[in-house]
Amino acid sequence: MINLDTPDVILKVKTAMNGLAASLLRPVARKYDEAEHEYPTELDVFRGLNVMGGPKKKKDKAEGGEKDKKDKKDRMGTNLGTVVTVEEMCWGDAGLMLSIPNAGLGNAAISAVATEEQKERFGNKWAAMAITEAASGSDSGSISTTAELDGDEWVLNGEKIFVTCADRCDAVVVWATLDKEAGKRGIKSFVVEKGTPGFTLAHLEHKLGIRASDTGTFVLNNCRIPKGNILGSAEIKKTTEGFKGVMKTFDNTRPMVAAMSLGIARAALDFTREKLDEAGVALDYETNPNNQSSMQKDYLWMEANLEAMRLLTWRAAWMADNETSNSLEASMCKAKAGRYGTLITLKCAEILGPLGISREYLAEKWMRDSKIMDIFEGTGQIQHLIIARSVLKMSSKELK
Amino acid sequence: MISFAPSKEQKMVKDSFAQVVRDLVTPAAHDMDEAGEIPADIIQKTWELGASISYVPEAFGGDGMEYSPVLNAIALEELAFGDMAFAVAATAPSLFITPLLDFGTEKQKKKYLPTVCKDQYCVSTLAVTEPFLGFDVTSMKTTAEKKNGSYVLNGTKCFVPMAGRAQDILVAAMDEGRPQLFVVSAKNPGISISEREKNLGLYALETHKVTLENCEVPAGDRLGEAEGVNFSRIMQKTRVGLSAMATGIARASYELARKYAREREQFGEFIGQRQAVAFMVAEMAYETDSMRLLTWKAASMLENGKDAAREAALARMYAGEMSMKICDYGVQVMGGHGYIRDYPMERNYRNARGVAIWDAMATV
Chain A
119 MINLDTPDVI
129 LKVKTAMNGL
139 AASLLRPVAR
149 KYDEAEHEYP
159 TELDVFRGLN
169 VMGGPKKKKD
179 KAEGGEKDKK
189 DKKDRMGTNL
199 GTVVTVEEMC
209 WGDAGLMLSI
219 PNAGLGNAAI
229 SAVATEEQKE
239 RFGNKWAAMA
249 ITEAASGSDS
259 GSISTTAELD
269 GDEWVLNGEK
279 IFVTCADRCD
289 AVVVWATLDK
299 EAGKRGIKSF
309 VVEKGTPGFT
319 LAHLEHKLGI
329 RASDTGTFVL
339 NNCRIPKGNI
349 LGSAEIKKTT
359 EGFKGVMKTF
369 DNTRPMVAAM
379 SLGIARAALD
389 FTREKLDEAG
399 VALDYETNPN
409 NQSSMQKDYL
419 WMEANLEAMR
429 LLTWRAAWMA
439 DNETSNSLEA
449 SMCKAKAGRY
459 GTLITLKCAE
469 ILGPLGISRE
479 YLAEKWMRDS
489 KIMDIFEGTG
499 QIQHLIIARS
509 VLKMSSKELK
Chain B
7 MISFAPSKEQ
17 KMVKDSFAQV
27 VRDLVTPAAH
37 DMDEAGEIPA
47 DIIQKTWELG
57 ASISYVPEAF
67 GGDGMEYSPV
77 LNAIALEELA
87 FGDMAFAVAA
97 TAPSLFITPL
107 LDFGTEKQKK
117 KYLPTVCKDQ
127 YCVSTLAVTE
137 PFLGFDVTSM
147 KTTAEKKNGS
157 YVLNGTKCFV
167 PMAGRAQDIL
177 VAAMDEGRPQ
187 LFVVSAKNPG
197 ISISEREKNL
207 GLYALETHKV
217 TLENCEVPAG
227 DRLGEAEGVN
237 FSRIMQKTRV
247 GLSAMATGIA
257 RASYELARKY
267 AREREQFGEF
277 IGQRQAVAFM
287 VAEMAYETDS
297 MRLLTWKAAS
307 MLENGKDAAR
317 EAALARMYAG
327 EMSMKICDYG
337 VQVMGGHGYI
347 RDYPMERNYR
357 NARGVAIWDA
367 MATV
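From first to last, the protein sequence lines stand for chains A and B.
To convert, note that position 111 of the first sequence is 229 in our numbering; the numbers rise steadily by one, no gaps.
To convert, note that position 4 of the second sequence is 10 in our numbering; the numbers rise steadily by one, no gaps.
Quick caveat, the hints were computed from the structure, so don't treat them as lab data.
Note that beta-carbon positions come from the ideal geometry of N, C-alpha and C, so glycine has one too.
Please note that the accuracy of each hint is not assured.
What the hints assert, rightly or not - Covered, in the sense of this in silico footprint (three residues per stretch, anywhere, with C-beta under 8 angstroms from a C-beta of chain B), are these stretches of chain A:
(1) 211 to 223
(2) 402 to 412
(3) 423 to 437
As the list claims (entries may be wrong) - Calculated Cβ distances over 12 angstroms to all of chain A for the following chain B residues:
(4) G42
(5) G68
(6) E112
(7) T121
(8) K204
(9) G230
(10) A288
(11) A315
All chains, full assembly: derive it from the sequences and hints.
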């Protein structure tokens with residue numbers, strides 16, 4: 119039965135996570151925006167604290183029964199729990215959230231496909247993810263970093279850019295191709311530990327926003343890793359199912375990015391509202407918006423959009439929890455939240471006037487932070503392409 | 007727990023309204039718009055589905071179902087997907103019925119509900135909107151003054167749907183600084199109902215100006231009598247209903263554009279194969295969904311007995327702005343074919359415009 123009223127269990131998580139974000143992230147948000155590349159030691163408290171949702175437990179179909187059903191009814195799914203948490207954390211600070219130890223994208227990849235032996239070896243490591251190359255952004259099927267088997271070792275060569283947590287992580291999950299001719303089918307992922315000879319962090323980026331999160335370039339120069347560091351099978355299959363499987367992880371990560379955008383936008387809106395209150399500008403939901411000032415109307419419009427961003431995000435996460443295919447909905451929430459997060463933070467800075475520009479406050483930072491949400495994990499344009507292909511029932515050849 | 011999936015009952019209601027729309031409303035929508043009237047048999051079919059009276063207790067002539075704002079939103083979206091003018095006309099009686107159910111005294115319910123809960127479609131309606139710039143309920147100009155044990159109403163209302171056929175009209179007026187509702191018989195000598203209004207859109211919907219000149223109403227016809235009504239609560243329901251209908255028009259425009267983008271060939275390929283067009287269709291898809299989710303959220307809160315003033319206002323604002331944007335995109339995708347009256351997109355475009363203006367007057 120359709121019921122979009124926020125249940126108490128979600129409100130409880132929201133309140134708890136907001137408290138955490140308000141006490142641990144928000145107070146040092148400006149500090150690490152200024153001190154780019156410096157490791158935020160305040161985040162060490164998160165080590166071993168599984169706030170970002172652990173690997174999804176496979177349901178034991180054999181159990182079930184009435185009790186299980188009832189439990190399921192009152193329980194919040196992992197994906198929904200994650201997006202609720204991410205929103206609150208990013209309300210605190212998005213760059214810092216991306217730097218929470220042991221919660222890297224690489225960790226998600228490892229927990230999704232690693233063998234027991236690999237989980238044993240890499241489970242406690244902070245793992246980053248290296249996909250993008252100078253010539254391969256959205257077109258991740260075209261990467262040119264290579265992996266060749268030489269005896270008991272893989273030899274990796276290439277250069278990876280835009281790796282989040284590059285300096286802080288303990289290991290990196292690197293995408294490389296076994297056979298360039300095989301295209302997407304030949305792409306595999308490998309765990310490369312820090313300190314491996316031939317694996318160098320060459321450069322850290324200076325960015326527009328999310329400065330608290332370090333982003334770097336790795337060079338792999340005849341980097342040799344154990345044969346057992348490949349994630350998944352080394353076999354080059356006849357179909358692109360394997361690659362598609364990897365792309366499926368986006369169905370879970372895109373709602374997370376949408377939730378990040380949501381968190382930043384809400385931070386901007388909350389701050390703007392606080393300042394409006396101080397200035398004696400009351401918001402009124404009963405009065406026709408056309409009878410309110412342009413500023414009040416803008417605010418209500420942003421609030422409505424924030425709600426739309428959140429509901430689209432929760433829907434995508436809820437579908438993932440209910441094991442319903444959500445590729446379309448994941449792209450929808452990312453497209454909407456990515457774009458409107460940017461628009462909202464920009465508008466808030468405008469409404470705030472001098473307070474929106476001054477570095478004494480965080481509004482100008484939220485404006486900078488939000489921009490990446492419409493870029494990483496698939497740009498807004500890529501999301502629109504995916505949505506359009508899906509609703510127009512066109513293949514990637516028909517709609518390029 | 008939160009859920010985005012409809013129940014069996016919700017699916018059933020959606021399907022039954024969708025079927026009437028597919029079989030009867032959509033095929034007739036163009037002619038209804040051109041002729042400015044709605045065939046009685048189509049309205050009757052919808053009436054029989056219980057769009058307005060199913061949740062009235064059996065004692066008063068209804069089906070005694072539980073009132074569900076979510077089910078209501080589902081039904082209204084389907085009806086407006088067929089045609090907005092039709093949706094308002096078919097459900098106009100619920101504008102009268104719902105406030106009566108929520109705030110009427112037992113005596114008032116007994117007196118008035120059976121007059122509209124009949125086997126044949128019949129009308130009583132609600133008059134809120136007034137013809138002046140920047141109207142909203144908080145600044146209403148119509149007044150009710152207590153004199154010698156009855157109320158005297160003065161003021162002008164506009165966009166009153168189906169007023170020409172109404173037996174009774176619930177008139178909103180300021181009573182000691184608060185908006186209240188009064189049941190006014192169409193036969194009351196103090197009420198005059200204008201010729202049909204000529205509007206930008208919704209040609210098939212009959213709307214009228216209603217003027218009250220020293221219109222005397224017995225004290226017992228103030229809704230809720232001494233208690234009166236909670237107008238905010240009424241607004242929440244009307245706003246959710248209006249948002250649901252706006253979602254219906256938006257979905258209709260989106261579906262038309264989607265189909266057209268896959269059929270229309272230019273430069274040797276479908277226009278939907280061009281990103282400039284495809285991205286507009288994509289945006290129409292997720293914005294229509296957003297409208298629906300905002301509507302459902304407010305409806306869910308009402309269903310759970312919560313105050314949804316904020317959510318209903320946001321849903322209505324979003325629906326008003328986005329339905330215009332989506333219909334505008336629809337016309338743009340279809341180009342000349344979106345502009346001529348032979349195709350339904352032109353009608354959607356005109357019909358959607360009213361949603362952004364119309365606040366108080368929506369089906370409850």
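Each hint, compared with the structure:
With a cut-off of 8 angstroms between beta carbons, the segment 211 to 223 of chain A has 0 residues touching chain B; three or more are needed, and the interface restraint is violated. By the rule of at least three residues with a Cβ nearer than 8 angstroms to a Cβ of chain B, the coverage given for the segment 402 to 412 of chain A holds, with 7 such residues. Restraint check on the segment 423 to 437 of chain A versus chain B: 9 residues with Cβ-Cβ distances below 8 angstroms, three needed, restraint holds. No beta-carbon of chain A comes within 12 angstroms of the beta-carbon of B/G42; the shortest separation is about 28 angstroms.
Every C-beta of chain A lies more than 12 angstroms from that of B/G68, the closest at about 22 angstroms, which supports listing it as non-interface. Every beta carbon of chain A lies more than 12 angstroms from that of B/E112, the smallest distance being close to 29 angstroms; the non-interface claim holds. For B/T121, the condition that its CB be more than 12 angstroms from all CB atoms of chain A holds, with the nearest at approximately 31 angstroms. Distance check for B/K204 against chain A: the nearest CB is about 23 angstroms away, which clears 12 angstroms, and the non-interface claim stands.
Under the 12 angstroms C-beta cut-off, the non-interface status given to B/G230 relative to chain A holds; the minimum distance is some 19 angstroms. With a least beta-carbon separation of about 4 angstroms from chain A, B/A288 fails to lie farther than 12 angstroms from that chain, contradicting its non-interface assignment. Once the 12 angstroms rule is applied to beta carbons, B/A315 is inconsistent with being away from chain A; the minimum gap is 5 angstroms.
In the structure shown, a violation is registered for the earlier hints numbered 1, 10 and 11, in ascending order.
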